[in-house]
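Take a look at the letters that make up each chain.
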Amino acid sequence: MKTLNLIQALALMSVFAMSGLAQAQDTQNIISDLTISHKKTVKSAPKNRIPLQDEKTILRSLKAQVLSKEIKEEIDEAAKGGKVYTPHSDVAYYGGWWKPSPPTMDGIPVGNIPRYIPDDFDKDAYQGDEIVTLIKETIRDCRNNAPGPRILCYETQISTIMAVSGEDDNQRLLRFTLNRAVDVVHHVLPFAGRNSDAVAGLMDNFYETMLTQAVSFVNDKRKLCSNLDEDYGVSSKENHPDPLDVSVAEFGRLFVQEMYQLAQSTNITERAKAVLLMRATGYLGWDLSSDLEWREAPIRQLMSAVYKLQNSDDYDKLLSEIENNEPKLSTLNNFLNKLAIIMEDLSPKLRKAGVPSLDPDTKAAAENIGTDKSTTN
Amino acid sequence: MSKQNKNQKMAIGILVLGVASLLAPLTTFASFARNTEPSEDLLRDNAARRGEQPGISTDMGAVFNSGTSVSPVAAKQFYLPPGLYDLGPSSTEDSDHYLLVEKSVNNDSMGFALLIPKNHSSHHRGEYRSAYFYQMRPIKSGTAMMLAPIALDSNGNTKTITEDSSHMPYLEVSLANQDGKGLHFPYIIKQIHGQLSSVFGNQFLVMRPALVDSPRMLDYPSTGVYNGWSDTGQTIVISGDEAAITEGSTDTTTYKMVSMNSDDYGGKIFQLSRAEDNSRTGEAQVGTRVEKLAVYLDGCFFRHFLVLSPIGNEGEYMMHAYLPREKSLKDLFIPIGPRKY
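So the protein lines, in turn, are chains A and B.
My numbering puts the first residue of the first sequence at 1, with every later residue one more than the last.
My numbering puts the first residue of the second sequence at 378, with every later residue one more than the last.
A few of these clues could be false.
[As the list claims (entries may be wrong)] Result set (EDC-like, lysine to aspartate or glutamate): computed pairs, CA atoms no more than 20 Å apart in a straight line:
1) K338/A - D242/A
2) K308/A - E73/A
3) K352/A - D242/A
4) K338/A - E540/B
5) K495/B - E479/B
6) K352/A - D220/A
7) K567/B - E549/B
8) K338/A - E693/B
9) K63/A - D314/A
10) K328/A - D485/B
11) K123/A - E167/A
12) K223/A - D314/A
13) K63/A - D316/A
14) K495/B - E470/B
15) K328/A - E540/B
16) K328/A - D640/B
17) K495/B - D640/B
18) K56/A - E326/A
19) K63/A - D313/A
20) K517/B - D314/A
21) K480/B - E326/A
If you are wondering where the hints come from, they were derived from the structure by calculation, not from laboratory data.
Given these sequences and hints, build the entire structure.
See below:
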């Protein structure tokens with residue numbers, strides 16, 4: 001009898017043990033399920049997350065972005081024959097038309113923003129100039145996030161905004177600005193340093209500034225013009241009958257100024273600063289060569305200056321120094337000084353070439369530029 | 378036959394001797410002439426005696442290297458050790474400012490500095506004492522240091538203003554003589570590209586290490602709660618990484634404190650950006666535009682918390698110094714934390 005009781009007790013214990021084990025397994029399964037689902041959410045949450053490039057790709061792109069002799073020959077050839085020069089840059093893709101496949105030249109940031117098809121609600125709700133409302137709401141909504149997630153929020157919303165903007169010719173400037181904003185942030189982030197909170201704040205501020213600028217472009221009914229426009233003429237008088245036109249070079253000037261200001265921040269490393277400044281020269285080169293007045297001598301002079309800087313020892317030295325280390329202060333400052341000198345020349349030379357200004361002070365002068373024959377030809 | 382041969386040999390021998398005797402003085406003369414080639418000094422002396430000026434040749438290497446090397450006076454590499462310095466208009470007058478120098482965490486040659494007036498408490502209603510915050514970097518091949526003012530830009534970011542153009546004002550610190558020895562004030566400060574402010578009033582300032590070791594910068598006050606008041610009637614409550622500043626009785630603004638680039642500034646300078654809690658969700662809405670800078674100081678009179686608000690000139694800050702209340706909020710909390718008041 002006793003033996004039977006013992007056997008029963010053992011059996012009961014084993015049943016409890018089994019059930020306990022089963023419970024434990026269940027809990028583990030639940031935990032693992034949670035983990036998996038958590039992993040899934042982490043992976044799937046930023047659906048529109050724009051992939052970051054690694055350091056090496058960015059550094060390679062800095063090497064590939066320089067104006068080359070081949071491009072110069074192409075420009076010269078086009079100038080002689082009066083042909084249209086097709087710029088090798090993001091201008092062709094975002095500044096001009098919504099083309100199905102991006103250009104394949106290495107280092108051009110056109111692949112950065114995936115073209116998501118927004119929900120039909122988005123598409124129908126925000127048409128034409130109502131995109132301004134979408135941007136304002138974006139800023140308001142994203143501000144609800146902490147600085148870190150706010151970067152992702154802005155990026156997600158930017159790809160939606162660009163998709164809603166679609167192929168609207170009047171919103172080229174908007175797409176152009178936002179695409180470059182993402183490109184700049186993605187260039188800075190991998191090098192910005194360990195000061196996460198301050199870096200996140202800096203990037204948020206930059207996105208907000210760029211979105212605000214994009215709104216002002218749409219509000220002012222500004223239209224981006226480049227030499228991709230089929231009907232552009234030879235003189236500035238033909239090219240800028242509308243004072244609201246924004247030439248690519250003028251846009252480039254403003255954008256590079258923003259980058260320059262970002263590079264002065266105390267919160268990023270010297271390496272990130274170098275990457276920013278080198279990227280700025282790339283933008284300058286592309287924008288000058290894509291401008292409507294690309295035949296004019298002052299713009300040619302600026303292009304020559306950018307070409308010299310990009311092919312100088314300073315550029316190569318800085319690029320090799322930032323490959324693995326922080327750059328030497330002297331190398332960085334030399335490069336900074338040379339770029340700053342080009343930037344000081346930008347405004348007067350663009351005005352001389354007949355490019356209308358976006359600065360409020362010179363707005364009146366820009367409106368008269370079409371009638372002023374002395375400035376061109 | 379043999380006699381003839383003998384005569385021939387003798388003739389050849391005499392000929393050889395004759396030639397040798399002729400050649401010997403010639404070679405001797407030649408060697409003498411070679412050894413006594415007139416030196417440049419001799420030529421110059423001779424020319425001077427004759428009243429002529431010899432041609433002066435150019436040292437091409439020196440021409441092409443002109444300006445690349447530093448003058449022997451300033452040839453010594455300059456390094457400003459971290460610490461507290463007295464700063465004044467001249468060695469005969471009392472110094473009225475402190476310069477707090479800190480070394481950069483990752484880069485030995487760089488650093489940062491805070492310029493504050495010595496007398497915090499002379500803060501009357503309607504008046505303010507300006508403070509300046511600088512990034513330090515070596516210039517002139519490392520023989521001097523540049524103090525580049527840090528300012529807040531229109532986008533709400535902190536930046537060094539010296540890169541705006543090539544003629545932005547800054548301070549240059551160097552040794553007053555080659556080794557800085559034998560002088561009461563071994564350092565000299567020059568204001569480059571104009572005066573930074575009327576606070577200094579002089580183009581040149583002199584500096585020496587302070588005899589006291591406080592005030593000094595402290596790390597982030599993350600433990601416990603800090604509650605202080607300023608002479609202008611403002612109060613501050615710091616808890617965690619938030620600082621709430623109250624002006625008067627109602628107007629309270631909460632700021633999020635983020636340390637400025639801790640890779641360089643070692644978590645000793647904080648950026649204050651506006652933070653508000655959403656009363657519906659309870660979530661904090663943090664602004665990212667930097668509105669003020671803050672420094673936590675120890676020593677001097679009491680423990681001070683300095684809040685710098687940008688004013689007037691770029692890089693100039695109005696200084697609010699907060700003294701801790703006698704009854705601190707920290708008394709309400711247990712544990713109090715490692716600091717002692």
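Taking the hints in turn, this is what the structure says about them:
1. K338/A - D242/A: This hinted pair is violated, its Cα atoms lying about 34 Å apart.
2. K308/A - E73/A: With Cα atoms ~15 Å apart, K308/A and E73/A stay inside 20 Å; holds.
3. K352/A - D242/A: holds, 18 Å
4. K338/A - E540/B: holds, 12 Å
5. K495/B - E479/B: It holds: about 18 Å lies between the C-alpha atoms, which stays within 20 Å.
6. K352/A - D220/A: violated, 24 Å
7. K567/B - E549/B: With a Cα-Cα distance of about 5 Å, the restraint between K567/B and E549/B holds, given a limit of 20 Å.
8. K338/A - E693/B: violated, 28 Å
9. K63/A - D314/A: Answer holds: K63/A to D314/A is near 13 Å, not above 20 Å.
10. K328/A - D485/B: holds, 13 Å
11. K123/A - E167/A: The hint holds at about 12 Å.
12. K223/A - D314/A: This hinted pair is violated, its Cα atoms lying about 36 Å apart.
13. K63/A - D316/A: Roughly 9 Å between the alpha carbons, so the hint for K63/A and D316/A holds.
14. K495/B - E470/B: Holds - the C-alpha atoms of E470/B and K495/B are around 14 Å apart, at most 20 Å.
15. K328/A - E540/B: Status holds; Cα separation ~16 Å.
16. K328/A - D640/B: Answer holds: K328/A to D640/B is near 16 Å, not above 20 Å.
17. K495/B - D640/B: violated, 29 Å
18. K56/A - E326/A: Status holds; Cα separation ~15 Å.
19. K63/A - D313/A: Holds, because 13 Å separates the two Cα atoms, which is no more than 20 Å.
20. K517/B - D314/A: holds, 19 Å
21. K480/B - E326/A: holds, 18 Å
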